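Visitor: Turn these sequences into a full structure, and let the hints steer you where they fit.
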Amino acid sequence: MTTPIQPTVHTQRDDHLIAGFTALAITIHIAESALPSLLPGIKPGLANVVTLLVLCRYGWVMAAWVALLRVLVGSILIGTFLSPTFFLSAAGALASVLVLGLLAAVSRAGSPWAVGPLGLGLAAALAHMSGQFWLAYVLFVPHSGLLTLYPVLMSLAAVLGLASGLLTHTVLARLNSSPSKA
Amino acid sequence: MIVAVLRILLLFSLVFLSACERKPAAYHEQLLVFGTVVEVSLFGVSEQQGRQAVARLNEDFEYMHRTWHAWHPGPLGRVNQLLASGESFSAPPSILPLIQRGAELSRRSGGLFNPAVGKLIALWGFASDDPPTGPPPQPAAIHAILDQHPSMDDVVVDGIRLQCRNPAVKLDFGAFAKGYAVDRAIERLQEMGIKDAVVNAGGDLRAIGRHGDRPWRVGIRHPRQPGILAAVEVEGDESVFTSGDYERYFDWQGVRYSHIIDPRSGYPASGLSSVTVFSRQADLADAAATALFVAGPQEKDWLPVARAMGVAGVLLVDQAGTVHMTPGLTERIHFETEPLPKVIYSEAL
Amino acid sequence: MTRPLFSRGDGLLLLAALTLVITLYAALWHNEGHGAEAVVLVNGQRWARLNLFHDQELEVPGPLGHSHIRVHDGRVRFVDSPCPNKLCVHTGWLSQGGEVAVCLPNRVSVKILAQDPRFDTINF
Numbered sequence: 001m002t003t004p005i006q007p008t009v010h011t012q013r014d015d016h017l018i019a020g021f022t023a024l025a026i027t028i029h030i031a032e033s034a035l036p037s038l039l040p041g042i043k044p045g046l047a048n049v050v051t052l053l054v055l056c057r058y059g060w061v062m063a064a065w066v067a068l069l070r071v072l073v074g075s076i077l078i079g080t081f082l083s084p085t086f087f088l089s090a091a092g093a094l095a096s097v098l099v100l101g102l103l104a105a106v107s108r109a110g111s112p113w114a115v116g117p118l119g120l121g122l123a124a125a126l127a128h129m130s131g132q133f134w135l136a137y138v139l140f141v142p143h144s145g146l147l148t149l150y151p152v153l154m155s156l157a158a159v160l161g162l163a164s165g166l167l168t169h170t171v172l173a174r175l176n177s178s179p180s181k182a
Numbered sequence: 001m002i003v004a005v006l007r008i009l010l011l012f013s014l015v016f017l018s019a020c021e022r023k024p025a026a027y028h029e030q031l032l033v034f035g036t037v038v039e040v041s042l043f044g045v046s047e048q049q050g051r052q053a054v055a056r057l058n059e060d061f062e063y064m065h066r067t068w069h070a071w072h073p074g075p076l077g078r079v080n081q082l083l084a085s086g087e088s089f090s091a092p093p094s095i096l097p098l099i100q101r102g103a104e105l106s107r108r109s110g111g112l113f114n115p116a117v118g119k120l121i122a123l124w125g126f127a128s129d130d131p132p133t134g135p136p137p138q139p140a141a142i143h144a145i146l147d148q149h150p151s152m153d154d155v156v157v158d159g160i161r162l163q164c165r166n167p168a169v170k171l172d173f174g175a176f177a178k179g180y181a182v183d184r185a186i187e188r189l190q191e192m193g194i195k196d197a198v199v200n201a202g203g204d205l206r207a208i209g210r211h212g213d214r215p216w217r218v219g220i221r222h223p224r225q226p227g228i229l230a231a232v233e234v235e236g237d238e239s240v241f242t243s244g245d246y247e248r249y250f251d252w253q254g255v256r257y258s259h260i261i262d263p264r265s266g267y268p269a270s271g272l273s274s275v276t277v278f279s280r281q282a283d284l285a286d287a288a289a290t291a292l293f294v295a296g297p298q299e300k301d302w303l304p305v306a307r308a309m310g311v312a313g314v315l316l317v318d319q320a321g322t323v324h325m326t327p328g329l330t331e332r333i334h335f336e337t338e339p340l341p342k343v344i345y346s347e348a349l
Numbered sequence: 001m002t003r004p005l006f007s008r009g010d011g012l013l014l015l016a017a018l019t020l021v022i023t024l025y026a027a028l029w030h031n032e033g034h035g036a037e038a039v040v041l042v043n044g045q046r047w048a049r050l051n052l053f054h055d056q057e058l059e060v061p062g063p064l065g066h067s068h069i070r071v072h073d074g075r076v077r078f079v080d081s082p083c084p085n086k087l088c089v090h091t092g093w094l095s096q097g098g099e100v101a102v103c104l105p106n107r108v109s110v111k112i113l114a115q116d117p118r119f120d121t122i123n124f
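Residue numbers (the working numbering), protein chains in the order written: chain A, 1 to 182; chain B, 1 to 349; chain C, 1 to 124.
Since the hints were derived computationally from the structure, they do not count as laboratory data. None of the values given here were measured: they were computed from a predicted structure. All residues carry an ideal CB built from backbone N, CA and C; glycine is no exception. Don't take each hint at face value.
Said to hold, decoys possible - Here chain C is said to cover these stretches of chain B; the calculated rule only asks that three of the stretch's residues, wherever they fall, bring their Cβ under 8 Å from a Cβ of chain C:
hint, stretch
1, 31 to 45
2, 204 to 216
3, 230 to 243
To be verified - Here are some of the chain A residues that sit facing chain C, going by a computed Cβ distance under 7 Å:
hint, residue
4, Ile30
5, Ala34
6, Val115
7, Leu118
8, Thr148
9, Ala158
10, His169
Said to hold, decoys possible - Here's a subset of chain C near chain B, in silico, CB distances under 8 Å, partners left out:
hint, residue
11, Ser7
12, Arg8
13, Leu12
14, Asn85
15, Leu104
Guide: Take a look at the structure:
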């Protein structure tokens, strides 16, 4: 799925790609945060689609950059840098990036157990939600009542994760069927 | 493709949202009235209906509290003054039914429930807003009242006129006024077309109907420790009334003196921690709980009284924590304490 | 590079996710009988709604003064009250849906709410 890339060597094109995709992700993220959320902590997570796209086409390292930069720069732009919201987002992003890395390693092209965008979206969303939840539980609201919320949040994350995976697959199919620009 | 995705997403959201639908709840309100906390639970009524019904009950309770108060000035106080004078007088319509019902229940209890011993109650300090602190009254003072044998039989009712032959008589309906008031409240609710309700006045309750698709769940509090002693389900029309030595009392030199006075000895009854009575009418259940508390833990003493009063079930807890129960309650009572209490079954009612 | 939408890996992951979520519900949702919220009433009117999983201390004003109420570890109780009898304090900790403690002289009461209460009403 990826061509091995040394972390210290980036071609100019890759820098531009990361910047471009991060910008796209941040834009979507900011637009999303303007919308009211159905339940606290639940966002459709459309920006995650960008992360998944980058993962499937350019590899895990690039996707990791995009995901983490999005949280960092996004929080600076929105004004939540180093706030509890920032730490929650960072925890979620970190968790999902790690899980995606694991799955990417397992899904080398040709492996019969390769995971596609659907599975990746699902896993990433569950990991993201878990990362956020446990940080919140340990650091901010360590009361057992919060635990009854966890299964509900995870159910929603699963659904939204599958949806984002589906969206990713669709976009990929479109990109592959026409001469791609990026 | 995007449209299909959005459709699936919408479907999922709807599934989740529908799962959050709450079960219909009972209408519940708490009133601080009648000198206690009165909790009213109504099922199958709209918010507005509930509010109106409870407002009506609040008025009723306030009226009854003023009218029957044993020591604040009011109609009962005036009746007591007139009774003490020995003259014949017209009974206020708000008091007469109470006197007649009280007399009937007193007779059925063999005098163990005796609303005419108001002077004894006052002597022990339980006829006051402030809790009594002791010391217990002198035996001479107690006997001064006791030897005159105040009883409901001394109050002669002739049509609407009352006359009393015994100056030691003072009416204090505290031992069954709550039950009587709860009966009136339930009647009021039934008049309003409400069929499923619980009226709980200071822990004593009467329940009619059910809680929707299941019976009303009643928890009986443990007389000695925090938490619930037993759970029982109530439906149809039933009252659950408990008299206990933990309600009003004072401790003096290591002895607890509770507010339930034994009219035969002039001293507070002491063999039991609590008595819980199951019966349809609340005033009967209230009077019976008092009478059985006075009767004490010996089955030969309390069982005949329970039978004479016609109650449906009795549960007593003695000072050792042992539960005495009529067999009819076996299926219905589920004890909640760990470990389970020792239970002695009496003969059937 | 167009691969099928749903691969074996995806299937396995979906199964794992489903199992995880179901296990979470089973493990964390068994406390339905216990109250999670309590309500403080003054003169029969709602004065505050308390989350029992949020430890807190409250001073509730009544005609006699302030009743001191404490929430700790999913339970609630009167700690002190300006009444002569302190029956409210003697009631101790409340934890089950339907349980009530009341300071009548100060017109303050606390009751545990629960979605499906084990008891509709308490007899005492």
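Visitor: Now look at each hint and say whether the structure bears it out.
Guide: Each hint tested on the structure:
no. : hint       : in the structure
1   : 31 to 45   : holds (count 7)
2   : 204 to 216 : holds (count 5)
3   : 230 to 243 : holds (count 4)
4   : Ile30      : violated, 29 Å
5   : Ala34      : violated, 29 Å
6   : Val115     : holds, 4 Å
7   : Leu118     : holds, 5 Å
8   : Thr148     : holds, 6 Å
9   : Ala158     : holds, 5 Å
10  : His169     : holds, 6 Å
11  : Ser7       : violated, 18 Å
12  : Arg8       : violated, 22 Å
13  : Leu12      : violated, 21 Å
14  : Asn85      : holds, 5 Å
15  : Leu104     : holds, 7 Å
This entry does not satisfy hints 4, 5, 11, 12 and 13, going by the numbered hints stated previously.
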